[in-house]
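Undergrad: Each chain, written out:
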Amino acid sequence: MAAIRLRTPVSEADARRLSMNDHLFLSGVLITARDMAHQRALQYLREGKPLPFSFENIALFHCGPIVEKKGSEWRVVAAGPTTSSRMELVEPAFIRNFQPRIIIGKGGMGPETAQALREIGGAYCVFTGGAAVLAAKAVKAVRDVAWLDLGMAEALWMLEVKDFGPLVVAIDSEGNNLHARLAALVESRKSKVYKALRL
Amino acid sequence: MDFYEEIEEAGLRLIRKSVIELPSDIREALTKAYRTEKEEDGRLQLKAILDNIKLAERLGVPICQDTGILYFYVRLGKKPLSLVRIGEALAAATRKATVSIPLRSNAVHPFSRKNSGDNTGFGIPIVDWDASEDEYLEITALPKGAGSENRSAFRSLLPSDGIAGVKEFVIDTVIKAGGGPCPPSVVGIGVGGSPDLAMKLSKRALLRPIGLRHQDPEIAKLEEELLAGINATGIGPSGLGGSTTSLGVNAEIAFCHTASLPVGVNIQCWAARKASARIYEDGHVIYM
Numbered sequence: 000m001a002a003i004r005l006r007t008p009v010s011e012a013d014a015r016r017l018s019m020n021d022h023l024f025l026s027g028v029l030i031t032a033r034d035m036a037h038q039r040a041l042q043y044l045r046e047g048k049p050l051p052f053s054f055e056n057i058a059l060f061h062c063g064p065i066v067e068k069k070g071s072e073w074r075v076v077a078a079g080p081t082t083s084s085r086m087e088l089v090e091p092a093f094i095r096n097f098q099p100r101i102i103i104g105k106g107g108m109g110p111e112t113a114q115a116l117r118e119i120g121g122a123y124c125v126f127t128g129g130a131a132v133l134a135a136k137a138v139k140a141v142r143d144v145a146w147l148d149l150g151m152a153e154a155l156w157m158l159e160v161k162d163f164g165p166l167v168v169a170i171d172s173e174g175n176n177l178h179a180r181l182a183a184l185v186e187s188r189k190s191k192v193y194k195a196l197r198l
Numbered sequence: 000m001d002f003y004e005e006i007e008e009a010g011l012r013l014i015r016k017s018v019i020e021l022p023s024d025i026r027e028a029l030t031k032a033y034r035t036e037k038e039e040d041g042r043l044q045l046k047a048i049l050d051n052i053k054l055a056e057r058l059g060v061p062i063c064q065d066t067g068i069l070y071f072y073v074r075l076g077k078k079p080l081s082l083v084r085i086g087e088a089l090a091a092a093t094r095k096a097t098v099s100i101p102l103r104s105n106a107v108h109p110f111s112r113k114n115s116g117d118n119t120g121f122g123i124p125i126v127d128w129d130a131s132e133d134e135y136l137e138i139t140a141l142p143k144g145a146g147s148e149n150r151s152a153f154r155s156l157l158p159s160d161g162i163a164g165v166k167e168f169v170i171d172t173v174i175k176a177g178g179g180p181c182p183p184s185v186v187g188i189g190v191g192g193s194p195d196l197a198m199k200l201s202k203r204a205l206l207r208p209i210g211l212r213h214q215d216p217e218i219a220k221l222e223e224e225l226l227a228g229i230n231a232t233g234i235g236p237s238g239l240g241g242s243t244t245s246l247g248v249n250a251e252i253a254f255c256h257t258a259s260l261p262v263g264v265n266i267q268c269w270a271a272r273k274a275s276a277r278i279y280e281d282g283h284v285i286y287m
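Residue numbers (numbering that gives the first Met the number 0), protein chains in the order written: chain Z, 0 to 198; chain A, 0 to 287.
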């Protein structure tokens with residue numbers, strides 16, 4: 000399959016052209032956010048406080064990297080994706096309010112996230128879990144960091160990346176959900192598996 | 000160097016080795032999976048995994064950013080030693096490793112979520128003690144990330160559920176976990192003992208190389224059947240579909256109460272990191 004290359008800021012039109020199963024390489028800006036950063040971002044929203052960075056039209060990366068400080072420069076050592084489903088409850092509100100165009104994680108997300116992506120015109124993509132050095136290789140610079148008080152893993156890291164991927168589009172803006180389809184497929188094979196195990 | 004300093008030094012080296020280099024059984028199994036995988040997405044995932052393993056080793060950096068919570072399996076030999084001091088030495092090794100490798104600082108208070116910053120804290124690193132009459136002390140470092148660890152499961156089955164019940168619980172646990180624990184995984188199973196022992200055995204099962212079957216033929220057969228069953232689900236690498244969902248299934252057992260059948264399942268991601276060393280009485284160390 001031919002891979003698609005995109006650069007942030009990603010327009011709504013470009014994001015809507017992405018289809019489930021597409022392979023994607025992304026260049027530009029990613030910002031990491033996990034459980035605690037999502038919670039805090041929504042708390043800021045309720046309190047009317049601005050976020051340290053804008054997520055609009057860039058990529059939100061479910062990741063808690065290993066980052067090392069060399070002199071005054073931060074360097075990303077390892078930066079694979081974290082399990083996206085932990086963010087499922089807060090992601091729809093995050094997407095609607097902060098408008099990230101691409102979400103990168105692993106393991107899949109649910110129907111509420113898919114609905115929010117359909118509304119704003121965005122996609123959820125997965126990067127190979129654990130392939131953290133491959134991911135770090137695509138990171139060209141750490142542009143900025145905020146909320147370091149949450150710890151290295153939970154902070155917001157603004158990363159400049161080149162050809163970050165291969166990403167697989169797992170939820171597209173039409174609501175097609177790769178993980179949901181695969182889960183249904185696996186479920187349909189269950190009786191055959193049971194039978195082979197004489198259950 | 001006194002003996003406890005030897006232990007600290009060995010602990011540090013084992014953490015470093017484990018987070019950077021995968022054991023050969025896992026590498027070989029992943030390479031074989033890539034050669035045999037037919038699904039395009041499955042192959043793409045395995046290619047990224049193999050590229051990542053090589054890159055981590057070449058650069059001398061951790062394979063995965065989730066360097067986990069440190070679990071040390073310590074099998075004492077004949078030499079009488081202070082467990083308190085061994086525990087302190089392994090905690091010191093963990094603190095040093097966090098800075099020098101570096102590791103991600105993952106250890107937080109369960110309620111306040113405050114990070115200790117050095118991967119130690121009340122109750123961790125976890126040390127699992129065992130005893131032997133060997134001429135050496137054996138230490139294994141097994142750093143384990145949360146993506147797979149969070150998919151651990153326990154069930155108290157009825158004795159009448161028998162081996163069929165065990166199989167069903169394992170298959171259901173793997174299916175429910177889907178792509179979450181970063182497959183292709185290794186599945187550790189603990190059957191018997193008590194609820195806590197079954198869980199402990201399911202983790203200890205991960206210490207055995209994959210492909211090395213349990214010495215009891217009945218349990219060896221269970222391991223093989225479950226591996227075939229798990230791979231027939233088609234969950235595949237990263238849960239994106241394919242023929243390799245698990246690289247191996249290892250089971251350990253203990254006798255249990257006549258009214259009980261406890262079963263623990265511990266899923267290990269493809270980055271099945273571990274490293275062992277033997278420290279002899281005269282202080283010389285052999286890294287396995």
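None of these hints come from the bench; they were simulated from the model.
It cannot be assumed that every hint is accurate.
[Claimed, not checked] Below, computed lysine to any residue pairings styled on SDA-like, alpha-carbon distance capped at 20 angstroms:
(1) Lys68(Z) to Pro101(A)
(2) Lys136(Z) to Glu5(A)
(3) Lys194(Z) to Gly161(A)
(4) Lys113(A) to Trp146(Z)
[Unchecked claim] Each pair of labels, with its calculated beta carbon distance range:
(5) Leu41(Z) to Pro158(A): 42 to 50 angstroms
(6) Glu27(A) to Lys191(Z): 23 to 31 angstroms
(7) Leu184(Z) to Phe121(A): 52 to 60 angstroms
[As the list claims (entries may be wrong)] Which residues of chain A face chain Z? A few of them, derived with a C-beta cut under 7 angstroms, are:
(8) Gln64
(9) Lys78
(10) Pro79
(11) Arg103
Since the model is a prediction, treat every value here as computed from it, not as a measurement.
Using N, Cα and C, we set each Cβ at its ideal position, and we do this for glycine too.
Undergrad: Should the hint that Lys78(A) touches chain Z count as held when the rule is a Cβ pair under 7 angstroms?
TA: violated, 36 angstroms
Undergrad: Arg103(A) was flagged as interface toward chain Z. Is the shortest Cβ-Cβ separation under 7 angstroms?
TA: holds, 5 angstroms
Undergrad: Under the criterion that the straight-line Cα-Cα distance not exceed 20 angstroms, is the pair Lys194(Z), Gly161(A) satisfied?
TA: holds, 16 angstroms
Undergrad: Lys68(Z) and Pro101(A): Cα distance at most 20 angstroms?
TA: holds, 11 angstroms
Undergrad: Within 20 angstroms, alpha carbon to alpha carbon, are Lys136(Z) and Glu5(A)?
TA: violated, 35 angstroms
Undergrad: Range first: 42 to 50 angstroms. Now tell me if the beta carbons of Leu41(Z) and Pro158(A) are that far apart.
TA: Taking Cβ atoms as reference, Leu41(Z) and Pro158(A) lie about 48 angstroms apart, which means the hint holds.
Undergrad: Let me know if the C-beta of Gln64(A) comes in closer than 7 angstroms to any C-beta of chain Z, holds or violated.
TA: holds, 4 angstroms
Undergrad: Quick check on a hinted range of 23 to 31 angstroms for Glu27(A) and Lys191(Z), using CB atoms only.
TA: Given a distance of about 29 angstroms, which is inside 23 to 31 angstroms, the answer is holds.
Undergrad: Confirm or reject the claim that Leu184(Z) and Phe121(A) have a C-beta distance inside 52 to 60 angstroms.
TA: Hint violated: Cβ distance 44 angstroms, outside 52 to 60 angstroms.
Undergrad: Any CB of chain Z closer than 7 angstroms to the CB of Pro79(A)?
TA: Constraint on Pro79(A) not satisfied, violated at 39 angstroms.
Undergrad: Does Lys113(A) pair with Trp146(Z) here, judged by a C-alpha cut-off of 20 angstroms?
TA: holds, 14 angstroms
The structure shown violates the earlier hints numbered 2, 7, 9 and 10.
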